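Please model the complete structure; the sequences and the hints are all you need to start from.
2 protein chains.
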Amino acid sequence: MTQASERPGRRPTIADIAARAGVSPTAVSFALNDRPGISEQTRARILAAVAELGWRPNVAARALGGRRADTVGLVVARPARTLGVEPFFAQLVSGLQARLSTDLVALQLLVVEDMSAELDVYRRWAAERRTDGVVVLDLEQDDPRPEELVRMGLPAVLVGGDGTPGPVPAVFADDHAAMTALAEHLAALGHVQVGHVGGIPAYVHSARRVAALHDAGSRLGLHVTTVPTDFSQDEAAAATRALLARDERPTAIVYDSDVAALAGVTVLAEAGLSVPGDVSVASFDDSELVRLAHPPLTAMTRDTFELGELVAATTLSLVRGERVPDVVGAPTPELTVRGSTGPVPGGAA
Amino acid sequence: MTQASERPGRRPTIADIAARAGVSPTAVSFALNDRPGISEQTRARILAAVAELGWRPNVAARALGGRRADTVGLVVARPARTLGVEPFFAQLVSGLQARLSTDLVALQLLVVEDMSAELDVYRRWAAERRTDGVVVLDLEQDDPRPEELVRMGLPAVLVGGDGTPGPVPAVFADDHAAMTALAEHLAALGHVQVGHVGGIPAYVHSARRVAALHDAGSRLGLHVTTVPTDFSQDEAAAATRALLARDERPTAIVYDSDVAALAGVTVLAEAGLSVPGDVSVASFDDSELVRLAHPPLTAMTRDTFELGELVAATTLSLVRGERVPDVVGAPTPELTVRGSTGPVPGGAA
DNA sequence: GACGCCGACTAAAGCGCTTTAGCATCGACA
DNA sequence: TGTCGATGCTAAAGCGCTTTAGTCGGCGTC
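If you read the protein sequences in the order shown, they are chains G and L.
Taking this note's numbering, the leading residue of the first sequence gets 1, the next gets one more, and so forth.
Taking this note's numbering, the leading residue of the second sequence gets 1001, the next gets one more, and so forth.
Incorrect hints may have been included.
Sample of chain L residues at the chain G side, in silico, Cβ under 10 Å [to be verified]:
{"id": "1", "residue": "1060"}
{"id": "2", "residue": "1062"}
{"id": "3", "residue": "1073"}
{"id": "4", "residue": "1087"}
{"id": "5", "residue": "1089"}
{"id": "6", "residue": "1091"}
{"id": "7", "residue": "1094"}
{"id": "8", "residue": "1107"}
{"id": "9", "residue": "1108"}
{"id": "10", "residue": "1110"}
{"id": "11", "residue": "1129"}
Just so you know, these hints were derived from the structure itself, not from any lab.
Since the structure is predicted, the reported quantities are computational estimates derived from the model, not experimental observations.
Even glycine gets a Cβ: it sits at the ideal position worked out from N, Cα and C.
Take a look at the structure:
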């Protein structure tokens, strides 16, 4: 408690510091912001006063002067309750957080109903100068958000996208290559009938995965059947049952998310099918959940935490007016083979 | 795009509205804040101008005038990477978020290394007027945070605690009663040797659970062995192995968290033990993970999302200066029996 | 008819910081 | 010797809003 204020009970302001250091408030401001025009001596005196009085900037006052809010926003248009389920999301937020906090930038989280509510929030934030920039998830085909954000003048960074330059910079991981690797793994094991429990087709990354799997399939001689879902466990379970009911029952099933894969494994167990004896299972998203399953699932591993850090770093650069490439490359997810994929049953392999 | 500004390119301010409505800025401010002294007529005219110009308050300017920042903070002192794993945490944040956002209050998230860093953040936030209040997790024995927060004048709400009034209000769920119910369930199934993979002993809620289980045990004739862990899967697995290696091998194991329980189940499977045939398993935390396990685990169910909402509502009341009870009761977790608990093997039951 | 009061509104100050314009002072240079 | 340009600093305005201290006209009261 070394804090002492000139006017007791009040938090020290730069005026207090100025008085203590025997200079004008302007000089204090200059010293604090590393602007030229202050001698080393004076600067030192000012900084000493700052330390003695325990002064901290009042963010509101700073922001009023048209400065940064030192806050980055993340608006998610998904049912709030589902967020707790998706490890991807929590990991991403942790990563974002970790990087932002080293620069003392805060993360504002907001969960909304749908995209129109999301856009409203952006408008509000832009108007209120509440955030310096935002991170945008779940890009859709013909997504209106990038353009709207540009129009509002709110800096934004996209997570995902299709790898082509757009109105706002994107951090992009090559799902296409990853899915191709997964297809090759299954083909090498002799699988031909491959089921795919996909995500929401409107999402660009879901669509890319579907395309990649089918492309690779036609090249490798796989018969791929995709069933789209809304990423929920119920739909994933239903999709699994639908795949099992087909005439040509798949000998391998690829799930777009870890949660979906677990739901699928449960369905397979209920159906009395062994993994990977009867059906091989692979998850596109790796996570703790997937590792804890029986057997642990083969999955495409990527470091979502690291992805979050990369997105955060990109956003910080953008906000600070540095040049940011249109597309920032994130590491391509890599195949981690675990016990859930094996040779096709009764196959030649 | 009906927005039009008096001074093109600039966002409308109350001065613009005042001009348009033919009143003074003061009148606009009064109208916007529902203060008396403005006729209905004038008020309507002002609000019309607000709508026409698409005016939004500048939060910074508001905050400068000593008002709320409309932001609640949450600082978590845990390794950032572990957050993605814990469904509890994500659910809590979702719930907080959901309740706060209905009042247009933002949630600031910050992950730090340890409690001293956490306290630093509180100090900074208090000084910068960045948040109106904070939510505090993971209360420890002799935790310095409540008192420090009171000293800083930063309103705070505790999640957890021991149910006794402290310097700051707490939202409290009766873990003791919950753990007792779980013990009774196991006793009814004939179990006597009960293992307990606990959490971090320094945490008040962990300690309460241990105490509850042992109390109930001595009442019901259970032999309870608690092994503390740091909540990580590695330690949970190790603890499970330690329990299995004991002379009196437990016929039932209680895990303090869902993630720990899953890790434990994996260890049991590797040891060739069936659940619940050889060993019954119960998790104190319920979650999607637990439901997806094989077999689905018996667990104490509580609505963590709802808990988050309750905490948020309490914090909002506190911040607004309303009276808040010292201890706000959250629903006691309820026992959900699933397939992982069964009669003691070879027992009389 | 003077007085006080009330309702409706305004002027102006102030919140804490940044920024622009400007003012001395001093050395260098022609 | 006078001018120019740095250098180091200050005065003052301004950011957008809230709030305090009025002002002003009208109405009721004695």
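Task: Hint validity - residue 1110 (chain L) Cβ closer than 10 Å to any chain G Cβ - done: 6 Å, holds
Open item on the list: Would the hint on residue 1091 (chain L) be counted as holding, given a Cβ-Cβ threshold of 10 Å to chain G?
Closed with: 3 Å, holds
Open item on the list: Would the hint on residue 1108 (chain L) be counted as holding, given a Cβ-Cβ threshold of 10 Å to chain G?
Closed with: Since the shortest Cβ distance to chain G is 5 Å, the answer is holds.
Open item on the list: A closest beta-carbon separation below 10 Å is what the hint needs, so does residue 1060 (chain L) meet it against chain G?
Closed with: 3 Å, holds
Open item on the list: Would the hint on residue 1089 (chain L) be counted as holding, given a Cβ-Cβ threshold of 10 Å to chain G?
Closed with: OK, holds: residue 1089 (chain L) within 10 Å of chain G, min 7 Å.
Task: Hint validity - residue 1073 (chain L) Cβ closer than 10 Å to any chain G Cβ - done: 8 Å, holds
Open item on the list: Does the closest beta carbon of chain G sit nearer than 10 Å to the beta carbon of residue 1094 (chain L)?
Closed with: Nearest chain G Cβ about 4 Å off; hint holds.
- [ ] Using Cβ atoms only, decide whether residue 1129 (chain L) comes closer than 10 Å to chain G, and label the hint accordingly.
- [x] 6 Å, holds
Task: Interface hint compliance - residue 1087 (chain L) to chain G, C-beta minimum distance less than 10 Å - done: Holds: closest Cβ of chain G sits about 5 Å from residue 1087 (chain L), inside 10 Å.
Task: Cut-off 10 Å, beta-carbon criterion: hint that residue 1062 (chain L) touches chain G - done: 8 Å, holds
Open item on the list: For the restraint on residue 1107 (chain L), tell me whether the closest CB of chain G is nearer than 10 Å.
Closed with: 5 Å, holds
This entry satisfies every hint, going by the numbered hints stated previously.
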